[in-house]
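S.K.: Now for the letters of each chain:
Protein chains: 2
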Amino acid sequence: MTVILVTNDDGVHAPGILALYGAMNELGDTYIVAPDRERSAAGHSLTLHRPLKAEEIRAQVFSINGTPTDCVTLGINKLLPQKPDIVVSGINRGANLGDDITYSGTVSAAIEGTMFGVPSVAFSVVSDKDFQYETAAFFAKKIVSYVLRHSLPYDTLLNVNFPEVSRQEIKGIKITRQGKRIYENSIQETYNPWGEKYYWIGGGRTFWEHGDEADMEAVQQNYISITPIHLDLTNHAALTYLRDSWKVSDMLGDTDEKL
Amino acid sequence: MTVILVTNDDGVHAPGILALYGAMNELGDTYIVAPDRERSAAGHSLTLHRPLKAEEIRAQVFSINGTPTDCVTLGINKLLPQKPDIVVSGINRGANLGDDITYSGTVSAAIEGTMFGVPSVAFSVVSDKDFQYETAAFFAKKIVSYVLRHSLPYDTLLNVNFPEVSRQEIKGIKITRQGKRIYENSIQETYNPWGEKYYWIGGGRTFWEHGDEADMEAVQQNYISITPIHLDLTNHAALTYLRDSWKVSDMLGDTDEKL
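Protein sequence lines correspond, in order, to chains A and B. By this note's numbering, the letter at position 173 of the first sequence is numbered 173, and the numbering carries on one by one without gaps. By this note's numbering, the letter at position 78 of the second sequence is numbered 78, and the numbering carries on one by one without gaps.
Same shape as in the complex, but just chain A (with noise of 0.2 Å):
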């Protein structure tokens, strides 16, 4: 029997993840292990400073005080019968592509996964409002059932973006590379009551660097985005280059002499 764990940042409570429950539903033998609560942007962070508690809200489903990570490494190690087939993420509202997936909970759940060895993909419907939690969740289901067939590459997690157009708009699947945002005035300055200036995180324009093969290139043109993204963030190429062209010793400059 194929074991699943979904899991979200948007927590256990939200249309995104009950849509993607439903659909691997039909796949096999599905929990959910799921933040109490939002935890979007909380990039891959995990809970080290104060225990975690795990609340069965009904056969199956768990709510964890804690973030998308904490509850991968708590359902695979702790809470399911046995170590899960795939982890699924999702589906998330909101887009995670481009550089921005370090920063996202969803992305960083799938890690996790793939840390533990379990095959993990995750889950977003690129929108302001609307969101086809259905559609997404009519085509997660195929994509899994694929990934359940043909498992992945070492190391590595899908990362897919649904457009947000109808079942009968979408022109199908592009496998993409992770495109480049580029930021611009992203913080506004307000006061609290008392005067004192603050500063939240948030609003202001973004761009996108275009390009063949990106992900939102991709999402903009009405596909399926899936990008396969690995844990290894070495940049190899850089590797190479350091080595041939940095002098360690000068880096090192006089330390002989304090030595």
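Treat the hints with care, since some could be wrong.
Remember, identical chains collapse to one label, so a pair may be satisfied in a single copy or spanning two.
Within a straight-line C-alpha distance of at most 20 Å, the following computed SDA-like cross-link-like pairs (lysine to any residue) qualify [unchecked claim]:
id: 1; residue 1: Lys-180; residue 2: His-230
id: 2; residue 1: Lys-141; residue 2: Asp-85
id: 3; residue 1: Lys-142; residue 2: Asp-250
id: 4; residue 1: Lys-180; residue 2: Ala-237
id: 5; residue 1: Lys-171; residue 2: Arg-243
id: 6; residue 1: Lys-83; residue 2: Glu-184
id: 7; residue 1: Lys-180; residue 2: Glu-217
id: 8; residue 1: Lys-142; residue 2: His-210
id: 9; residue 1: Lys-180; residue 2: Asp-232
id: 10; residue 1: Lys-180; residue 2: Leu-231
id: 11; residue 1: Lys-141; residue 2: Asp-29
id: 12; residue 1: Lys-247; residue 2: Ala-237
id: 13; residue 1: Lys-142; residue 2: Arg-167
id: 14; residue 1: Lys-180; residue 2: Asn-65
id: 15; residue 1: Lys-180; residue 2: Pro-153
id: 16; residue 1: Lys-78; residue 2: Glu-184
id: 17; residue 1: Lys-174; residue 2: Ser-151
id: 18; residue 1: Lys-171; residue 2: Ser-127
id: 19; residue 1: Lys-142; residue 2: Leu-27
Worth flagging that the hints you see were computed from the coordinates, not collected in a lab.
Could you slot chain B onto chain A? The hints should help.
M.R.: Chain B only, in chain A's frame:
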């Protein structure tokens, strides 16, 4: 005049950041923008749900009630008089090696700096106790000075780890790749005063996959490890493989029929 932004995840009062600040002060006009308290394992998390306060506790030293990532974005965009020439993060109390860097507030601060196009370096001391911050700061100054003269590859930061040995025992610098760590039994079960079960993440044993050129290997041999880390998490090899071998039309399966 070189402008330097110093941050960390151990908090503005940690000894590691004070040692780093001292070393950086000899290289340029240095600002600290750091969390008001420890924010370890914060990952690359941004605080979006509330405004942030920046308290200037000494000249050019700002304490922020947020994450390391918050500190870097506020420092670059609001608090410093100009865009810094470099962001330095640390010196972290403990290693940031292998896959663990995705959890790291220290490394995430350097990721944030890189996202804003500022060369960024994360520094950590590999130790459980007896942290040799002065030794690390001595070498951090040399490394930062070299980076300021030679810049860094596009979209790439340096993750630097110091072995826990005296200055004389350090054998030199190795340019390394991110290693891989395997976790085992890293969640403890505990009970609250009313007998309810809780889970506390941490502890347990960890193993390292050994291999040439890995960060952990270099540190164990008493070298300073410098790993070039980039923001593009795309597994480009997998991208090519999946495009060639996956039948995306198969993946969608009976979509046409259901459309």
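S.K.: Does each hint hold? Answer for all of them.
M.R.: Hint by hint, here is what the structure shows:
Taking the shortest Cα distances, Lys-180 and His-230 sit within 20 Å of each other both inside one copy (17 Å) and across copies (12 Å). In this assembly of identical chains, Lys-141 and Asp-85 lie within 20 Å of each other by CA distance solely inside one copy; the values are 14 Å within and 47 Å between copies. With identical chains, the CA atoms of Lys-142 and Asp-250 are at most 20 Å apart between copies only, with a shortest distance of 9 Å across copies and 55 Å within one. Proximity of Lys-180 and Ala-237 under a CA criterion of 20 Å is satisfied in both settings, with 19 Å inside one chain copy and 19 Å between copies.
Proximity of Lys-171 to Arg-243 under the C-alpha cut-off of 20 Å is restricted to the inter-copy arrangement: shortest distance 17 Å between copies versus 44 Å within a copy. Taking identical chains as interchangeable, the C-alpha atoms of Lys-83 and Glu-184 lie at most 20 Å apart only when they sit on different chains, with a minimum of 14 Å there against 43 Å within one chain. Taking the closest pair of Cα atoms, Lys-180 and Glu-217 come within 20 Å of each other only inside a single copy of the chain (11 Å); across copies the shortest separation is 33 Å, beyond that limit. In the homo-oligomer, the alpha carbons of Lys-142 and His-210 never lie at most 20 Å apart, since the shortest distance is 29 Å inside one protomer and 38 Å across protomers.
Within a single copy, Lys-180 and Asp-232 get their C-alpha atoms as close as 19 Å, and across copies as close as 8 Å, so both meet the 20 Å cut-off. Taking the shortest Cα distances, Lys-180 and Leu-231 sit within 20 Å of each other both inside one copy (18 Å) and across copies (9 Å). When the C-alpha separation of Lys-141 and Asp-29 is checked against a cutoff of 20 Å, the pair qualifies only within one copy, where the shortest distance is 14 Å, while the shortest distance between copies is 55 Å. For the homomeric pair Lys-247 and Ala-237, the shortest alpha-carbon distance inside one copy (17 Å) is at most 20 Å, but the shortest distance between copies (30 Å) is not.
For the homomeric pair Lys-142 and Arg-167, the shortest alpha-carbon distance inside one copy (13 Å) is at most 20 Å, but the shortest distance between copies (57 Å) is not. Taking the shortest Cα distances, Lys-180 and Asn-65 never come within 20 Å of each other, neither inside one copy (33 Å) nor across copies (29 Å). In this assembly of identical chains, the alpha carbons of Lys-180 and Pro-153 lie at most 20 Å apart only when taken from different copies (16 Å versus 23 Å within one copy). Taking the shortest Cα distances, Lys-78 and Glu-184 sit within 20 Å of each other only across copies (12 Å), while inside one copy they are farther apart (43 Å).
Taking identical chains as interchangeable, the C-alpha atoms of Lys-174 and Ser-151 lie at most 20 Å apart only when both belong to the same chain, with a minimum of 18 Å there against 35 Å between chains. Proximity of Lys-171 and Ser-127 under a CA criterion of 20 Å is satisfied intra-copy only: 17 Å inside one chain copy versus 53 Å between copies. Only within a single protomer do Lys-142 and Leu-27 lie at most 20 Å apart by alpha-carbon distance; the minimum there is 10 Å, versus 56 Å between protomers.
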